[in-house]
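Q: Could you put together the complete structure from these sequences and hints?
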Amino acid sequence: MKNSFNLYLLEFAINALLRQKSKNFFIVIVFTFLTFLLTSVFYITNSIKYELDTTVDTLPQLIVQNMKAGRHYDIDIDTVDEILTIEGVEDAIPRVWGYYYFKKADVYFTLIGVEEFENQYTKTLSNVVKKIDFENSSYMLMGKGVKKVMHENYYKDYFNFIKPNGTLKKIFLGKSFDTQTELESNDIIVMTNSDIREIFDIEENLATDIVVKVSNPNEIDTIARKIQLLYPTARVVTNKDIKISYQNIFNYKSGIFLTLFIISLFTFFIIIYDKANGLSSEEKKEIGILKALGWQIDDILKEKFYEASIISLFSYTVGVTLALFFVYILQAPLLRDIFIGYSALKPSFVLPFIIDIQTLFLIFFLTIPIYISATIIPSWRVATLEADEVIR
Amino acid sequence: MIELKNIFKIYETNSIEKVTALKDINLSFNEGELIVLKGASGSGKSTILSLIASLSKPTTGEVIVDKKKISKLPDNFASIYRRDNIGFIFQKYNLITTLTVQENILLPLIPLNLNISLAQKKLERVMKMFQIEHKKDSLVKNLSGGEQQRVAIARANVNNPKIIIADEPTANLDKKLSLSFIEIIKKLKSENKTIIIATHDPLFFNLDIVDREITISDGTAIL
Chain H
9 MKNSFNLYLL EFAINALLRQ KSKNFFIVIV FTFLTFLLTS VFYITNSIKY ELDTTVDTLP
69 QLIVQNMKAG RHYDIDIDTV DEILTIEGVE DAIPRVWGYY YFKKADVYFT LIGVEEFENQ
129 YTKTLSNVVK KIDFENSSYM LMGKGVKKVM HENYYKDYFN FIKPNGTLKK IFLGKSFDTQ
189 TELESNDIIV MTNSDIREIF DIEENLATDI VVKVSNPNEI DTIARKIQLL YPTARVVTNK
249 DIKISYQNIF NYKSGIFLTL FIISLFTFFI IIYDKANGLS SEEKKEIGIL KALGWQIDDI
309 LKEKFYEASI ISLFSYTVGV TLALFFVYIL QAPLLRDIFI GYSALKPSFV LPFIIDIQTL
369 FLIFFLTIPI YISATIIPSW RVATLEADEV IR
Chain A
64 MIELKNIFKI YETNSIEKVT ALKDINLSFN EGELIVLKGA SGSGKSTILS LIASLSKPTT
124 GEVIVDKKKI SKLPDNFASI YRRDNIGFIF QKYNLITTLT VQENILLPLI PLNLNISLAQ
184 KKLERVMKMF QIEHKKDSLV KNLSGGEQQR VAIARANVNN PKIIIADEPT ANLDKKLSLS
244 FIEIIKKLKS ENKTIIIATH DPLFFNLDIV DREITISDGT AIL
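The listed protein sequences derive, respectively, from chains H and A.
Per this note's numbering, the very first residue in the first sequence carries number 9; after that it's consecutive.
Per this note's numbering, the very first residue in the second sequence carries number 64; after that it's consecutive.
If you are wondering where the hints come from, they were derived from the structure by calculation, not from laboratory data.
Computed from a predicted model, the values in this text were never measured in an experiment.
Glycine residues also receive a C-beta, built at the ideal position from the N, C-alpha and C atoms.
Watch out, some of these pointers could steer you wrong.
Negatives, chain H to chain A, calculated, CB over 10 Å [said to hold, decoys possible]: (1) H159; (2) Y239; (3) F372; (4) V390.
With a cut-off of at most 20 Å between alpha-carbon atoms, the simulated SDA-like pairs for lysine to any residue come out as follows [to be verified]: (5) K135(A) x Q304(H); (6) K120(A) x E394(H); (7) K256(A) x N93(A); (8) K131(A) x D147(A); (9) K184(A) x N14(H); (10) K120(A) x R400(H); (11) K185(A) x N14(H); (12) K81(A) x E397(H); (13) K292(H) x K155(A); (14) K31(H) x T160(A); (15) K199(A) x R27(H); (16) K283(H) x I305(H); (17) K101(A) x K252(A); (18) K204(A) x A24(H); (19) K155(A) x L202(A); (20) K293(H) x N157(A); (21) K155(A) x E394(H); (22) K292(H) x K204(A); (23) K29(H) x Y314(H); (24) K310(H) x L177(A); (25) K135(A) x T123(A).
A: Listed below in structure tokens is the structure:
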């Protein structure tokens, strides 16, 4: 008259956990927090990696900047014609752009100039250019982050940019635009080249830098070397360089996370160490009593397995679910800023929903089997002793 | 039914020091007998009970129950033997005090995985028999000494074992409760159970229900 699955054993395991409420509650809290932190970091990492990769894809293949005394200066537009003579160069586009500090909100805007009939170097700009009314100048389109800041500061119709000579340049506010990625251009303002030149006082024969398009992406480094030979003092930046600098920022930020991660891992392993080091006299006696009452070693181990599984699976599920909610619904407050807080406008960055099953498995195998083993091994040591010895 | 042949039991307290608890014990107990093992503390009574219950193994010699050499049983088989044959009433009851009365009594049945109605039937039988029904949902830690002992007896009997072993059962009870325990033992003897009691309580000496008294002194049996 035996049932296949021993529900009494499971019930006993649940009762055993409830009998040591405070101790087990502490373990659940630490375990859940560890899983939550690990999963959040991995979720954020995956999302940002995805976002960065997509962003890098939208970056110009090559940027040529004029350098003088180690500083970036405007470049002569005639340089474009010389670059275009290099074999393998598909296009060279002079860019007029700069950062504008908006003191009231303590943020920087990125002002980018466009020309109606010029090729654009990103899909976003190509789309934005179509929306600009080039007949009426002094008109700007902006990223959503900029629009938000403008509204918060009661700029609804126009904005007065302060020029280097102290006079104002009135620019009417246009629509906001969507970008391919959130990281790309949340702080961007797009307007005509002539307006930008006026705001930053850039002469007609100069540009901020030159963007170079290469026909064969495999040739980017070769073309970069050729440009460098042509202009030894210029700085030639490839999209690979930018990707590395992005990754450096990211890796630096993740160092802070690593610290948090190590602290929680340390706490987790203290618990594991404590459990693996042996059972309390109370727990040992209980195993002895159960053996004396006819429990076999595998009955005791099964019961301990249920206890450990309940705690670890519950904590894992809660941790992963909380992380999911925290990262994708709440957009990872506090933690997100550590990762992507390098621009005042970046907090409106939205983490794209990327779930990597492999990551979840990795966290599962990093935590649950370790905890279960740490619970079962000391119990097995005691359960294999003579019951009399344990009870005494 | 139960035979102890040439039993020696030596405990190693550390690698150098050894304590000989039993020296050449030869005893036999018949089915339905009530035997009292008497002797001072540390004489070896509890060790004999422990060997019969297969809670420990002799250093040399054999324990035979129903013609089976239980002293040679591997650990898992020893557990099954205890579960099916032995009801052990410990001196300090060895109850799990944070569990309720019925949870404690059900402990020996858990590995059997019986269907719920059969388990319930067994539980109710012993709770009624040992008059602890009214306390079934109380935590053991909240019970009096006498009540705790009744829970321990009920637990020892829930699986209806053939052999009842009691180690100093009245050591923590007053005279009234000790007499009540003797009444319980009478009831169990009437069910033809083999009962072995280790005690130095004079209440058990010369009792009409006791079939034999065996004195254990310094690890040897004085017959």
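Q: Each hint: holds or not?
A: So, going through the hints one by one against the coordinates:
| no. | hint | in the structure |
| --- | --- | --- |
| 1 | H159 | 61 Å, holds |
| 2 | Y239 | 81 Å, holds |
| 3 | F372 | 30 Å, holds |
| 4 | V390 | 12 Å, holds |
| 5 | K135(A) x Q304(H) | 16 Å, holds |
| 6 | K120(A) x E394(H) | 8 Å, holds |
| 7 | K256(A) x N93(A) | 10 Å, holds |
| 8 | K131(A) x D147(A) | 14 Å, holds |
| 9 | K184(A) x N14(H) | 18 Å, holds |
| 10 | K120(A) x R400(H) | 15 Å, holds |
| 11 | K185(A) x N14(H) | 18 Å, holds |
| 12 | K81(A) x E397(H) | 15 Å, holds |
| 13 | K292(H) x K155(A) | 16 Å, holds |
| 14 | K31(H) x T160(A) | 18 Å, holds |
| 15 | K199(A) x R27(H) | 18 Å, holds |
| 16 | K283(H) x I305(H) | 19 Å, holds |
| 17 | K101(A) x K252(A) | 19 Å, holds |
| 18 | K204(A) x A24(H) | 15 Å, holds |
| 19 | K155(A) x L202(A) | 16 Å, holds |
| 20 | K293(H) x N157(A) | 8 Å, holds |
| 21 | K155(A) x E394(H) | 19 Å, holds |
| 22 | K292(H) x K204(A) | 19 Å, holds |
| 23 | K29(H) x Y314(H) | 16 Å, holds |
| 24 | K310(H) x L177(A) | 17 Å, holds |
| 25 | K135(A) x T123(A) | 11 Å, holds |
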